[in-house]
Structures are given as C-alpha cells and as structure tokens.
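S.K.: Here the protein sequences line up with chains A and B, keeping their order.
Numbering-wise (our numbering), the first sequence opens with residue 1 and increments by one.
Numbering-wise (our numbering), the second sequence opens with residue 1 and increments by one.
Among these hints, one or two may not hold up.
[To be verified] The following residues of chain A were derived to be distant from chain B, with all beta-carbon distances above 10 Å:
id	residue
1	P142
2	S200
3	G235
4	V258
5	D378
6	A396
7	P451
[What the hints assert, rightly or not] Label-pair distances were calculated between CB atoms; the ranges are:
id	chain 1	residue 1	chain 2	residue 2	range
8	A	A500	B	E241	37 to 47 Å
9	B	E122	A	P58	51 to 61 Å
10	B	Q246	A	D78	55 to 65 Å
11	B	V118	A	F371	11 to 21 Å
12	A	G456	B	E109	19 to 29 Å
13	B	D237	A	D448	51 to 61 Å
14	B	D93	A	G456	29 to 39 Å
15	A	P44	B	R110	34 to 44 Å
Calculated directly from the structure, the hints in this document are not laboratory data.
Ideal Cβ positions, reconstructed from N, Cα and C, are used throughout, including at glycine.
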Amino acid sequence: MTVKPRLSHLLLGVAVTSFGWQAVTAQSTDEAAAAIAADAGDLPNGGTAWWEPGEGRPIPEAIEYDNDHGRLRLYNVDGEVVTEGHPFFEPLGPNGRACVSCHQPADGMSLSLRSIRERWEETGGSDPIFAPIDGANCPNLPQGEEASHTLLLERGLFRIGLPWPPRDPWGEGTIEPEFTLEVVRDPGGCNTDPEYGLDSANPTVSVYRRPRMVANLPYVVHRNFGIGPFVGKTGEPALRDPENGEPVNMNLMADARVPTLGTQASDAAANHLQLLRGLSRAERAQITDMQGQLFAAQVYDNVAGDLLAGPGGNAFGPENLAHGDIGFLGNNTTRWVFPVADEWAEPQPGLTEEQNERRASIWRGQQIFHFRTFWISDSMHLNTVGLGNPVKRTCATCHGMHMTGLDTANGWMDIGTTNLPWAREVPLNPWTDEEELMPLFRVTCRDDVPPHPFLGRVIYTQDPGRALISGRCNDVGTIVMQQFRAFAARAPYFSNGSAANIREVIDFYDRRYNIQYSEQEKTDLENFLATL
Amino acid sequence: MKNLYPLSLLALALAANGTTARAQDLAFVACPIVQDTPSVPCWLTEYEGELYYMGVQSDVSAPFNPPWLGHMALVEGTPSATGERICGGLVLDPVRVAVMPEMSPECDERLVAEPGYVLPFEPRRPPGPSSGRLAFSPPQPPPPPEPPFEPRTFPVYFPFEGAVNFQTPGALGEILDYARAVGAERIEVTGYRAAVLLTDGTVLEERSGLAELRAGQVARMFEGLVDSVEEIDVVFDEAAEPGDWQDRRVDVRVIP
C-alpha cells in the first residue's frame with residue numbers, strides 16, 4: 001500500500017494555497033497551531049531511551065527526545081501508537097530484532113552511532129542489532145568481538161548484500177551490466193568470502209550503509225511534482241507499485257531498489273529480521289499505516305530555545321511537517337524549501353540576547369542554503385539534466401523538496417561520497433596506523449557503452465550505489481539522498497557514514513565544490529541544519 | 001553592453017563557412033567556455049579565432065541546455081547577422097549543442113565575472129531557487145484527436161550521439177496521448193542515426209548501433225503504458241548520411 005496525504009493535510013493544503021505559507025505559523029488558528037502551541041514542558045520526554053523490541057509500551061501522540069543540539073519531537077497524527085503486537089515493534093524473526101531495533105525513536109527513527117556504541121558497551125555485543133547477518137562485517141566472522149563489527153561500531157553501517165549481476169526488475173533472470181566489478185580492497189572480508197562473496201554460489205556484493213529515517217515518509221514516497229512513468233533524470237521507465245501498477249517516485253533506500261513502503265517492509269523483514277515466512281498482508285499494512293502518520297523534527301535548540309516560539313518558523317517541528325504541502329518543489333515565493341520568515345529572525349521579546357543571536361544565525365544558515373551560489377560540477381544526474389557542467393547554483397538546487405530537502409523527482413546522484421577521488425579514504429602515509437574500513441571496487445565500463453561522463457571507463461568506488469541495481473556505468477556511486485530532518489539525532493551522515501558530524505558534511509561540500517565558505521557561513525549553516 | 005572580446009576575427013569566421021549547405025551556418029566541434037556574470041553564467045565557445053555565445057544557464061525546461069566542461073561540444077548554429085554580442089561572444093541563433101561522449105580534460109576554461117558586465121536581459125531563472133515555475137512553459141497540448149483516426153508518425157529527436165535522456169519523456173507525452181485517444185493497436189518504432197558535415201569539411205558520424213539502441217530504448221518506454229497496444233515493432237536504419245539534427249531521431253508510428 002502507499003501512503004496518501006490524509007484528509008486533514010489536503011484541507012490544510014487548500015488553506016495554504018489561498019493565504020500563502022505565512023498563514024501556517026505558530027500563531028495561526030488551525031489544529032496544527034493548537035498542537036504546536038502545546039507547551040514543550042507538557043510533553044513526555046523520553047530522554048535518550050533505547051527501545052527494546054517487544055517491550056510493549058505505547059508511543060504517545062507526541063514525545064520528545066534529547067540530543068546534542070536540542071530536542072526532537074515525534075508526532076503521531078493518528079494519536080498514540082500501541083506497540084504491543086505491532087509488527088514494527090515486535091521481534092518477529094529468529095534473531096530477536098524488530099524494525100525498531102534499527103529505527104529508534106530517540107534517533108529520529110534512524111540509528112545513531114552513539115546508540116550503537118552504547119548498546120555494544122551495555123550488552124557486551126549481544127544486542128540483536130549486532131546479529132551476524134548484517135550487523136557484522138560478514139556473517140561468518142567470530143561474534144562478540146569488536147573486530148568483527150568494525151563497520152557498525154565505527155561508522156554505523158549495516159551490511160547490505162545485493163545479488164550480482166542485478167535481477168531484472170521487469171522480468172525473470174538478471175540484467176547484463178554495462179561494467180565488470182572487481183574487489184580491490186575488502187577489509188570486512190565478505191566480498192571475497194567463498195560463501196558470501198562475489199565468487200560464491202550466490203554471487204553477492206556487500207556494501208555498507210546507514211539506516212534511514214522511518215518518519216516523514218509521505219514526503220519520501222509522494223507522487224506529486226516530477227513523478228510520472230519515466231525517471232525524470234534519465235528517461236528510463238520508473239518502477240511500478242506492484243499493488244496497482246502506478247509509477248513510483250523511486251526515492252527509497254540509497255539505491256531505490258524497492259518501489260514502495262510495502263515492498264520495503266517485506267524486504268526488511270526478510271533481510272534484517274531473517275523472517276523466513278515473510279510478512280502477512282495485515283502486518284505490512286500495519287507497518288505502512290504507522291509510517292504514513294509519523295512525523296519527526298527538532299523543536300528545541302540548546303542555544304536558541306524553543307524553535308516554534310515567535311512568528312514564521314514554519315520549517316520547524318513535526319506538526320508543520322505533518323500539515324505541510326507534500327511533494328512540492330521549493331521556490332522563493334510561495335514555498336521555500338525550508339520556510340523561515342524574516343520576522344522569525346528579528347529579536348523576540350522575552351528571549352535572551354544569546355537566544356536571539358542564535359536565531360539570527362539559524363536564519364542566515366537558511367539563507368545560505370537557499371541562496372549562496374557555488375559551482376556544482378561533475379555530479380552525475382545533476383549536471384547532466386540540462387543544467388550544464390558546471391552549474392552555478394545552491395544547496396537547494398539538489399535538495400529542493402519543500403520541507404524535507406529531498407529531491408522531488410526520482411533522485412540518485414553522485415556527489416562523490418562513495419566514488420574516488422572525493423570519497424573519504426584513510427590517507428596512505430607513514431604517520432597513521434588507521435586502517436581503511438570500507439571496501440573498494442574497481443568498475444570497468446564495457447567498450448561498447450559511452451564512458452561515464454566525468455569519471456571515464458575505470459571507476460574506483462566504495463559503494464556503486466544505484467549501479468548495483470541498474471547495471472549502468474553512469475549510475476556508479478549515485479546515491480539517493482536522505483531527508484533533511486533530525487540531523488541532530490542521527491549522526492553520522494551520508495549513506496556510508498563518512499561525515500561524523502554536521503560540520504564534516506559542510507567541509508565535504510566546501511572541498512568538493514570549492515565553495516570557499518567563510519567560517520561564519522559554515523557556522524550559520526551548521527546551526528541551521530541542526531534545527532531541522 | 002560591454003564587449004569582453006574584440007570583434008576582430010568575425011570576417012575570417014564568416015569566410016570559413018562556405019562549405020556548409022547554408023552559407024551562414026556553422027558546424028564545428030570545440031571546447032565550451034563558461035563565463036561567469038553576477039547573475040547566471042554564459043556559455044561561449046571559440047572557433048577559428050572567433051568567440052561565440054551559445055546561451056545562458058537556466059533550467060531543465062530551457063531549449064538551450066549548456067554543454068559540459070570536460071567534454072567537447074558539437075555546435076551547429078547561425079551567427080547573428082547583425083553582429084549581436086552577449087558576454088563578448090557573437091550570438092549563435094538558432095543554436096544546437098551536443099556534448100561529445102568521450103572525455104576531454106583540456107576543456108576546462110572558466111572565465112571569472114568581468115567586473116561591471118551585466119547581461120543584456122533578465123535571465124529567466126536566477127541562480128538561486130526559482131520563483132515557483134519553470135523558466136520555459138511547455139507547449140500547449142494539441143486538442144484531442146477526432147475520428148476518423150489515422151496512423152500518425154511522430155519524430156523524437158536526440159542530441160548527437162545521444163539516446164534516451166531526460167528530455168525524451170517530454171517528447172513522448174503527445175504520442176502517448178494520441179495512442180490512448182485512438183486506442184492504438186500497434187506502435188512502430190524506427191531508429192535512425194546520422195552524420196554531420198562540419199564547416200571544415202570533415203564528416204562526423206554517430207557511433208554504429210545507435211539507431212538500434214535508440215529504437216529499442218524508445219520502444220521499451222511504451223511497454224505497458226497504452227492498454228490497447230498489442231504489438232510494438234522495432235526497426236532501425238544504421239545508414240549514417242550527412243544531414244542535420246532532424247536526422248538524429250526515432251520515428252514513432254501510431255497505428256489505430
């Protein structure tokens with residue numbers, strides 16, 4: 001099943017178009033405002049508490065969790081979620097995990113590296129998240145030893161095993177890839193393993209990826225702007241929803257390999273929970289129903305205070321997300337990607353000077369995100385879609401979806417997070433004994449296909465991304481971006497966890513596109529991102 | 001308007017193009033050059049000592065899609081008869097630009113903004129977020145067809161050396177509408193590839209196999225989209241005669 005905006009959202013959508021987005025502020029009169037106005041102090045605060053699979057306590061309509069930058073709020077539009085007997089929260093399979101194991105409320109329904117480490121310490125490595133199937137570098141390594149779980153313990157990465165060559169999504173059998181794949185480096189040992197590797201009886205590529213947020217998902221699976229039968233960036237046919245044959249937007253997972261939340265849930269149950277019987281239809285529906293009404297965002301900043309105080313902070317908090325316009329391309333008139341009105345940044349009575357200063361910095365960060373131009377170059381599926389190489393644009397060019405910064409259209413792109421020369425790699429020199437954790441593959445494009453336009457015929461990559469599904473040379477290292485939400489709760493960032501904190505993300509971009517941000521610009525951008 | 005480059009070699013450039021079919025047209029392969037401005041950048045290129053202006057950065061809807069540094073571009077265009085210059089380059093209008101697939105790292109010229117230079121027009125799309133619409137509106141869809149329904153052939157054009165890309169879905173819209181409206185039973189897809197006669201007399205041919213590839217990819221796009229279609233035939237013609245951009249295409253024939 002797919003998630004459709006609920007009636008209340010649709011009604012609000014009408015209000016928004018007739019009054020402009022300024023109408024939906026913390027001061028306005030509708031139900032969103034009522035929820036927003038609820039004093040933060042009235043809401044339960046779960047601290048940083050870990051959710052055990054099957055523990056059975058309900059999740060209230062709204063609950064907050066502390067993190068380094070402030071506080072995150074989860075908001076269930078349909079009210080309290082009973083977790084007892086709920087397939088997202090119960091350990092359905094033999095390894096003791098539930099979906100919630102890797103999608104933790106306090107971590108914005110993702111899983112932070114900090115939580116992973118705490119679990120290791122507290123359980124001596126016996127928590128189900130460390131299950132050998134994908135919580136270890138390779139399933140056949142000795143369990144309970146840190147050395148077997150380095151990718152999870154140091155970068156927050158789970159193993160994703162994908163068949164090679166890729167399955168044909170349109171029929172039986174496999175597709176013939178445009179390139180050959182060789183393993184150059186394999187610290188986890190799984191790609192070269194006789195049982196699990198590329199040369200095994202079931203040839204498998206293992207890549208290592210971060211969990212993604214299971215909240216605000218109506219934005220991830222929207223079928224609004226830019227979604228049709230073809231992938232907007234390449235013209236190839238878009239995947240279809242197996243339930244109704246409708247084209248989907250292909251923004252799920254790092255490689256868009258699953259079309260819908262329903263197929264994703266079945267895939268997750270089989271692979272992460274090792275549930276051999278598969279999910280029943282009813283279980284799937286229970287999971288996707290929950291996913292369709294759960295929203296999460298920061299509401300409080302440790303320095304600026306209540307983000308929803310004062311006028312015009314429409315970018316903030318889960319209620320604004322729940323009632324926002326879903327699946328729209330942001331612009332600079334009616335729907336900013338992240339709407340923060342100028343008034344929000346003006347000194348507010350009742351706030352301290354420090355709080356007001358931080359609000360001004362957050363607002364400047366929002367402006368930098370929208371307006372500070374730089375030269376975006378050599379980025380597959382961005383420079384190649386009619387914009388030219390390089391294109392002088394901004395962060396909002398790629399991160400364009402209203403309220404989430406997702407790509408509105410089918411979105412995998414290569415910004416260099418997994419492809420060399422830009423991917424983070426431990427430098428080889430005599431001054432460090434740090435060892436590289438990530439695998440490295442050599443991709444060689446066939447002679448009868450055009451070379452990759454920016455990387456040529458031989459590409460080195462830590463994760464071929466979408467190319468492991470499409471078999472295309474041009475897709476090597478392209479990754480579907482994640483939503484710009486709950487950053488404060490779920491470090492590290494990028495699909496391969498290569499940015500330990502928000503500043504490292506900004507520094508990556510600064511290097512990658514030679515942006516030359518000033519120190520002040522970096523600070524403002526960081527302060528802004530931490531409030532989402 | 002302030003010129004960034006002297007007009008000097010214009011005469012020479014005009015003299016050189018006597019070899020093409022139409023005296024004033026140019027067809028050449030050269031590196032693109034990106035020229036920054038305080039607003040959006042201009043895209044220029046140099047041929048036989050003259051600097052030409054191809055267009056500005058805009059968005060996906062624009063008829064002119066800037067080429068790529070790191071690659072040569074095939075430029076087919078008509079130099080302005082009035083000598084109009086933008087960003088210092090002699091305006092080519094109309095102009096068609098295709099990115100050459102092989103990498104050319106020597107194409108890396110970026111010119112910083114000339115202080116004080118202002119584009120002689122308001123760009124349709126600023127470098128920041130848009131004002132809520134695409135820079136160029138798509139053409140109005142034609143009125144729904146009326147019986148008797150005839151077989152109709154629709155051309156779908158491709159850039160030099162290009163197959164299905166981000167522009168193809170737009171080109172297919174009208175065909176799909178027609179096929180659905182007339183309840184098409186058969187769709188016939190014919191792929192072509194072509195060659196181009198450059199101003200310097202060289203003939204540049206698209207790679208062989210491209211006609212088949214184009215036809216196959218377009219045919220696949222129709223699969224499952226029109227319920228009434230029982231058959232999609234794929235044919236292709238790999239002969240590559242020198243011609244113009246209209247020869248780099250696939251014909252889609254919709255048969256009721």
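S.K.: Work down the list of hints and note, for each, if the structure agrees.
M.R.: Checked hints:
{"no.": "1", "hint": "P142", "in the structure": "holds, 46 Å"}
{"no.": "2", "hint": "S200", "in the structure": "holds, 32 Å"}
{"no.": "3", "hint": "G235", "in the structure": "violated, 4 Å"}
{"no.": "4", "hint": "V258", "in the structure": "holds, 19 Å"}
{"no.": "5", "hint": "D378", "in the structure": "violated, 7 Å"}
{"no.": "6", "hint": "A396", "in the structure": "violated, 5 Å"}
{"no.": "7", "hint": "P451", "in the structure": "violated, 6 Å"}
{"no.": "8", "hint": "A:A500 / B:E241: 37 to 47 Å", "in the structure": "violated, 58 Å"}
{"no.": "9", "hint": "B:E122 / A:P58: 51 to 61 Å", "in the structure": "holds, 57 Å"}
{"no.": "10", "hint": "B:Q246 / A:D78: 55 to 65 Å", "in the structure": "holds, 56 Å"}
{"no.": "11", "hint": "B:V118 / A:F371: 11 to 21 Å", "in the structure": "holds, 19 Å"}
{"no.": "12", "hint": "A:G456 / B:E109: 19 to 29 Å", "in the structure": "holds, 20 Å"}
{"no.": "13", "hint": "B:D237 / A:D448: 51 to 61 Å", "in the structure": "violated, 19 Å"}
{"no.": "14", "hint": "B:D93 / A:G456: 29 to 39 Å", "in the structure": "holds, 34 Å"}
{"no.": "15", "hint": "A:P44 / B:R110: 34 to 44 Å", "in the structure": "violated, 55 Å"}
Consistency with the previously given hints fails for numbers 3, 5, 6, 7, 8, 13 and 15, ordered from lowest to highest.
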